[in-house]
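Asker: Chain by chain, the residues run as shown.
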Amino acid sequence: MDLKLKIWRQKDAKAKGQFELYSLNNITKDSSFLEMMDVLNEQLLSQGIEPVAFDHDCREGICGMCSLFINGRAHGPDTEITTCQLHMRKFKDGETITVEPWRSNGFPIIKDLMVDRTAYDKILQAGGYVSVNTGGVPDANAIPISKEVADEAMDAATCIGCGACVATCKNSSAMLFVSNKVSQLALLPQGKAEASRRAKAMVSKMDELGFGNCTNTGACEVECPKGISISHIARLNREFLMATAKE
Amino acid sequence: MIKLDSKIPEGLVAEKWDNYKAHQNLVNPSNKRKLDIIVVGTGLAGGAAAASFGELGFKVKVFCYQDSPRRAHSIAAQGGINAAKNYPNDGDSIYRLFYDTVKGGDYRAREANVFRLAQVSNDIIDQCVAQGVPFAREYGGLLSNRSFGGAQVSRTFYARGQTGQQLLLGAYGALNRQIHLGTVEMHNRTEMMDIVIVDGKTRGIVTRNLVTGEIKAHFAHAVVLATGGYGNVFFLSTNAMGSNGSAAWKAYKKGAFFANPCFVQIHPTCIPVHGDFQSKLTLMSESLRNDGRIWTPKKKEDAEAIRAGKKKPTDLSEDEKDYYLERRYPAFGNLVPRDVASRAAKERCDSGYGVGTGQAVYLDFKTSIERLGEKVIADRYGNLFQMYEKIVDENPYKTPMMIYPAIHYTMGGTWVDYELQTTIKGLFSTGEANFSDHGANRLGASALMQGLADGYFVIPYTIQNFLADEIHTPRMNPNEVKEFIEAKEAVVAHVNKLMSVNGNRSVDSIHKELGHIMWDYVGMARNKEGLNTAIEKLIALRKEFWKNVKVPGTSEGLNIELEKANRVADFIELGELMARDALHREESCGGHFREEHQTTEGEAMRNDQDFTYVAAWEYKGIDNLPELHKEELKYEAIEVKVRNYK
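These protein sequence lines are chains A and B, in that order.
Under our numbering, the first residue of the first sequence carries the number 1, and numbering increases by one thereafter.
Under our numbering, the first residue of the second sequence carries the number 1, and numbering increases by one thereafter.
Be careful, since some hints might not be right.
Restraint-style ranges between C-beta atoms, simulated for each label pair [what the hints assert, rightly or not]:
(1) K11(A) / A305(B): 50 to 58 Å
(2) A234(A) / K646(B): 50 to 58 Å
(3) P474(B) / K6(A): 52 to 60 Å
(4) N25(B) / K11(A): 49 to 57 Å
As a list, the in silico DSBU-like pairs of lysine-lysine whose alpha-carbon atoms are at most 30 Å apart [said to hold, decoys possible]:
(5) K550(B) / K4(A)
(6) K366(B) / K90(A)
(7) K122(A) / K34(B)
(8) K398(B) / K90(A)
(9) K311(B) / K92(A)
(10) K398(B) / K29(A)
(11) K312(B) / K92(A)
(12) K29(A) / K311(B)
(13) K512(B) / K4(A)
(14) K216(B) / K14(A)
(15) K90(A) / K312(B)
(16) K366(B) / K29(A)
(17) K550(B) / K16(A)
(18) K92(A) / K390(B)
(19) K216(B) / K16(A)
(20) K366(B) / K147(A)
(21) K90(A) / K512(B)
(22) K6(A) / K550(B)
(23) K216(B) / K11(A)
(24) K6(A) / K512(B)
(25) K512(B) / K92(A)
(26) K6(A) / K390(B)
(27) K547(B) / K11(A)
(28) K147(A) / K375(B)
(29) K11(A) / K512(B)
(30) K122(A) / K216(B)
(31) K32(B) / K122(A)
(32) K390(B) / K90(A)
(33) K59(B) / K122(A)
(34) K375(B) / K390(B)
(35) K29(A) / K390(B)
(36) K390(B) / K170(A)
(37) K92(A) / K398(B)
(38) K29(A) / K310(B)
Treat the hints as calculated values from the structure; they're not laboratory data.
Note that this is a predicted model, so its numbers are computed, not measured.
Each residue gets a CB set at the ideal place from its N, CA and C atoms; glycine is no exception.
Okay, chain B solo, but in the shape it has when bound:
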């Protein structure tokens, strides 16, 4: 049995990263030119990594499925990016950012990784400013900060409600510069279909050109996955339509362990579901909780009257509103972490206090508008208010927004060690695609931080520790090496298999069914019986897919249904692993809430004695159960406590 080695360096937690860098192997400049790196995905992690590799002198090939690297879904992140700069002088420090992140993750993240993340967070802000990222500023000309959930300091840097866009365009600029200089070769509208392993090491990938349909193998000395999360397993999520888990899933089936798949983040402030034809859910930034107050009616009659259209939210007086987050969690109020806020909204709606369709609560700016004026609120959130109005056709300056939790982010992902290397040598995983930094729940404004930390400041170092031993490995010709030829043939066969089912169900109809199973049984609240039902249903759905899916057209040329079918086939299998992971984890922690494990007040109850570990699953074949490997989590710098936001 493979033993997981997380390769955490020696020393105190604050010294580990310095120790690592002091002793790691590096590649000298003349050898860097002889080494090839493939990066899959061009979001914050992939874009930043590829640009940095190019600057260092490696030969880089980058792939994305979108028509341009600038469109990766990092672009949609709204609220901000955390860093421990302590510019507001409100008591922040690297340790506090580290502590908040571990606590926010409900003590299921790896201490050493999180500390490193907090350490490099400040470098990220410096880097972005140097690239010309137009962060918000105060009149004195210095950078402005705001607050996010799970923190008592203001450490979030932002660019209106478009922080992800601006950070990504910064990384995209750096990437463009390397493309111009010839160190990076860009392949857009190209999907990774599998990895290629030669003598136990990852040596490349097989891709499908989404425009021509051409299937091709590419060599590299190392491959970096930066392919984002798998929230679209649920069909409806805040992810982009094309966001998918296929790269991570293909790697899993080739031997890369998949860690904590059941840790999914449900974001509390999204525009509620309104109909069956709906294709995606839109997030309203967590930053809104700085000035917006969340409530439902105090009386059930009022909730019923509002649902029936007989009353409006503005008809209710202050003492008829229940600001339930402020009531339950006075210390953090509306800024409790996402998992806590989501569950509280579900509790209110399930108890009959929901508004709209019954699956919605209010996010109200009335108090803040009275206090600060409409102009200040428009300055802070103008584009979000505009977006809300375009979608819902209601003016949030006049009437409270309606929100409900939705699938947003996946903390789980490919298992990686401290160097971000997976269990397959030469295969690395970064950003949302890996599992490492957020434990069972991610704090707001930490995804951008982790993506850029991995891409700019971690993997450019750690990959060299691997590549230093590869300077004698000559480049391989994918057309001549057996493993590449076989991998390519397997992909062709897979595509042909998808084309040849020729059933009578559209890919989307199967994907929607998958989404319903996942949301009903593997969503915000889970229990043993439901998870067992989910597994049965998912196995049946997998069979249904391969018996009844319909992919029209041909495998040559552009075929959108084929693209979707390839992704949905993987989503169904991934959903099953998520259910199995959720079933085995007999505790509630972070985004994973097992109904059997809660306090009398409905708070999540962890089981530290039995579950203080990372669950890393090994693929054993489609009809066999995956094998569980445990990476025990040791907390040396932080005392593990019950999370308390009261």
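In isolation and in its complexed conformation, chain A is listed as follows:
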């Protein structure tokens, strides 16, 4: 395949970025999108141009580090997939592919296609856990949990924290991300005790960090690489209302 790549280049957080156009030839359709980017970077290196910086690590769709906005879609033109799992067979020979970073006030650009997602860590630090110390806990089978509840908690827990939901939302809302953790832990008996407190703390941190409001467009659900349902947002709203009603 021969391709044209229109890629966002930005020296650092303060610099003004712009698109650059690169040509790339002889890419096989079985290579992954990031392998195509590796080939591009090797080519740029040989031309004395600094390679394009992008985040990636596990390259098997689970670490959540890769984060590209490809042809106007978070993680590109395929569903339930991360950028690292996207393959070139999804593109056409001769196509011009536009590659941008996540764009959100909550995720400032570090360089080129890399963004700073520490806001996600901060939201979870505010309460995204069960407050237990190591040791002194009951036997794992002491509290039965129905399979349906455990499965639904697992559906929520599969979030990889990549930020596609924020990047794709016109309001840059982090509600799907926040709701995953709130929902997972509210469903399980271990997390119930502090469910309302958790919802309130995480939502208030999310607001403080500059993420927008949810207006139920559902775009997040469509682009989520793990296919997480917005029904978890409903549970978050319920927990949040309970917390504020108690006051």
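Once you have looked at the hints, place chain B on chain A.
Answerer: Chain B in isolation, oriented as in the chain A frame:
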């Protein structure tokens, strides 16, 4: 000469850990506040350790190279975590888990460590459930188990095919709670560049901020490495792109012995290599071997026809398939340990029965789908099947998966004693970064167990035995103490050296060359001649690197090529040590297969008389040979036998 002291406590193997805990020194709560601990790495071992230290009241600094601690490569573990709960009532016990792990490791692991691992395994499951880890459950509401290789019981707990993710997010939650409470200070996108030793004790590290390029020294009373394995020496592996051996290697060059570097695990079920541009290999969980059957065509003509695209695997009738694991190992069948399954696949492919490119075998779910229905299989492995389809563009419900062995895990690592302390005082090593529990081969679902055992239940105890003597050591200012200033200057000089080579080869091109040398000569099958060739080639490659590597840009600010160059320089040296270790170990055991040492049936042949020891290597300078130290392994609770899975 330094004598290795493994500090194994007195008593019967089942009593050692209790004896240790009963007599070790502890630090009282008011003194804990005065003591600093640095943890490098935030995977299961590092994340769990850092959170636990914070809960105990120590002041903790944590470092990871990723943008968030949640992304450490533990997250990619799929299949599960072992524990001796015996919930299925199928005959499991702490002793049996211990026994299976020592046997699975081909009798090259330290008995006392493994027993402790089996003992704390049950606490791990309890802890994770309390954190809200959504393990798979049965309709009755209790936890579900499945089987893994090398065991005849079902002792593996799992969360779909994402167990590592869920366990790591549990540890990450505990870590986040401590960050919120202020006991832990988190430094992400920061790489450890060296350790700092003052008066013979590790007192801190030097780091490089990967975004700003700032090089900085940090003080602590003790340092814990939890930096994972070095599988990326091979360039292609199932490890994350950033996984590296540099922290362990810098520690080695400062005096921490490196143990059993040649013990590398090759995982039998990975998606095969498909081209030169490939950047990594993707694992298909071992759990698939519960319901998938591995085969190649019985007839060479069929294999040839399939390779040429003239036949499909689904065209073959049952009696034209050779289920070679079931044929060779009837007692364990498709669930033989990883090293055995990998070698068997290589044997079939080398003999001309491979499919795909010739370097692949089939993993077939047809029988299980007929028996259980597609829905049950989708329930168990749905995400793995989806992953396979996305990568290969074939539907594994309809046509068998193609798999081939790939580098996955490193059993070798920094030498540690029973307390997980290295040969440098105050420097500890946990999880995959150390060597201690898996011998020459790790069983499936045991890496998660060991990472969390070390992090939650071992090092929070053993580190106190060291720190109890440090309560009078005041905090040091890294800007004022000579050793810190010098260590920092040395790192600056190293970075400048990498920047100034200014040759004409990219870091990746050198890394790929390294990978080829390692795979060809220090891979699944090794021999004397090949290993000698590898050593020559690796020395030449090291020289080539320092003459010809090209790192563009500057050392300030974000520079990905510089990050990679720093890691690859270490990988080349580490590869040489692996080859030397493999050359000296004149036997086949676990993942280490020397062609000179095999039975007529092609099974690995150990040499217990001469090699029942841990090979711990001491650095003696870049142009000198490393010095070998031996830790003899004594088996008191287990009778050493030839491993038999027939």
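Asker: Indicate, hint by hint, whether the structure satisfies it.
Answerer: Hint check results:
1. K11(A) / A305(B): 50 to 58 Å: Distance hint for K11(A), A305(B) holds at roughly 55 Å.
2. A234(A) / K646(B): 50 to 58 Å: holds, 56 Å
3. P474(B) / K6(A): 52 to 60 Å: holds, 57 Å
4. N25(B) / K11(A): 49 to 57 Å: Holds: the Cβ-Cβ distance is about 53 Å, inside 49 to 57 Å.
5. K550(B) / K4(A): Roughly 26 Å between the alpha carbons, so the hint for K550(B) and K4(A) holds.
6. K366(B) / K90(A): holds, 29 Å
7. K122(A) / K34(B): holds, 26 Å
8. K398(B) / K90(A): holds, 22 Å
9. K311(B) / K92(A): holds, 29 Å
10. K398(B) / K29(A): Within the cut-off at roughly 22 Å; holds.
11. K312(B) / K92(A): holds, 28 Å
12. K29(A) / K311(B): The hint holds at about 23 Å.
13. K512(B) / K4(A): holds, 26 Å
14. K216(B) / K14(A): holds, 23 Å
15. K90(A) / K312(B): With a Cα-Cα distance of about 25 Å, the restraint between K90(A) and K312(B) holds, given a limit of 30 Å.
16. K366(B) / K29(A): The given pair, whose Cα atoms are some 29 Å apart, holds under the 30 Å limit.
17. K550(B) / K16(A): holds, 27 Å
18. K92(A) / K390(B): holds, 17 Å
19. K216(B) / K16(A): Holds, at roughly 29 Å.
20. K366(B) / K147(A): holds, 27 Å
21. K90(A) / K512(B): holds, 27 Å
22. K6(A) / K550(B): Given pair K6(A), K550(B) holds - Cα atoms ~26 Å apart, limit 30 Å.
23. K216(B) / K11(A): The hint holds at about 23 Å.
24. K6(A) / K512(B): Judged against 30 Å, a Cα distance of about 28 Å means the pair holds.
25. K512(B) / K92(A): Given that 30 Å is the threshold and the Cα spacing comes to 29 Å, the pair holds.
26. K6(A) / K390(B): Measuring from Cα to Cα gives roughly 25 Å; hence the hint holds.
27. K547(B) / K11(A): Distance ~29 Å between K547(B) and K11(A) Cα, so the pair holds.
28. K147(A) / K375(B): holds, 16 Å
29. K11(A) / K512(B): holds, 28 Å
30. K122(A) / K216(B): holds, 24 Å
31. K32(B) / K122(A): holds, 26 Å
32. K390(B) / K90(A): This hinted pair holds, its Cα atoms lying about 10 Å apart.
33. K59(B) / K122(A): Holds, at roughly 20 Å.
34. K375(B) / K390(B): Within the cut-off at roughly 19 Å; holds.
35. K29(A) / K390(B): Given that 30 Å is the threshold and the Cα spacing comes to 13 Å, the pair holds.
36. K390(B) / K170(A): Measuring from Cα to Cα gives roughly 28 Å; hence the hint holds.
37. K92(A) / K398(B): Given that 30 Å is the threshold and the Cα spacing comes to 27 Å, the pair holds.
38. K29(A) / K310(B): Holds, at roughly 22 Å.
Checked against the numbered hints given earlier, the structure satisfies every one of them.
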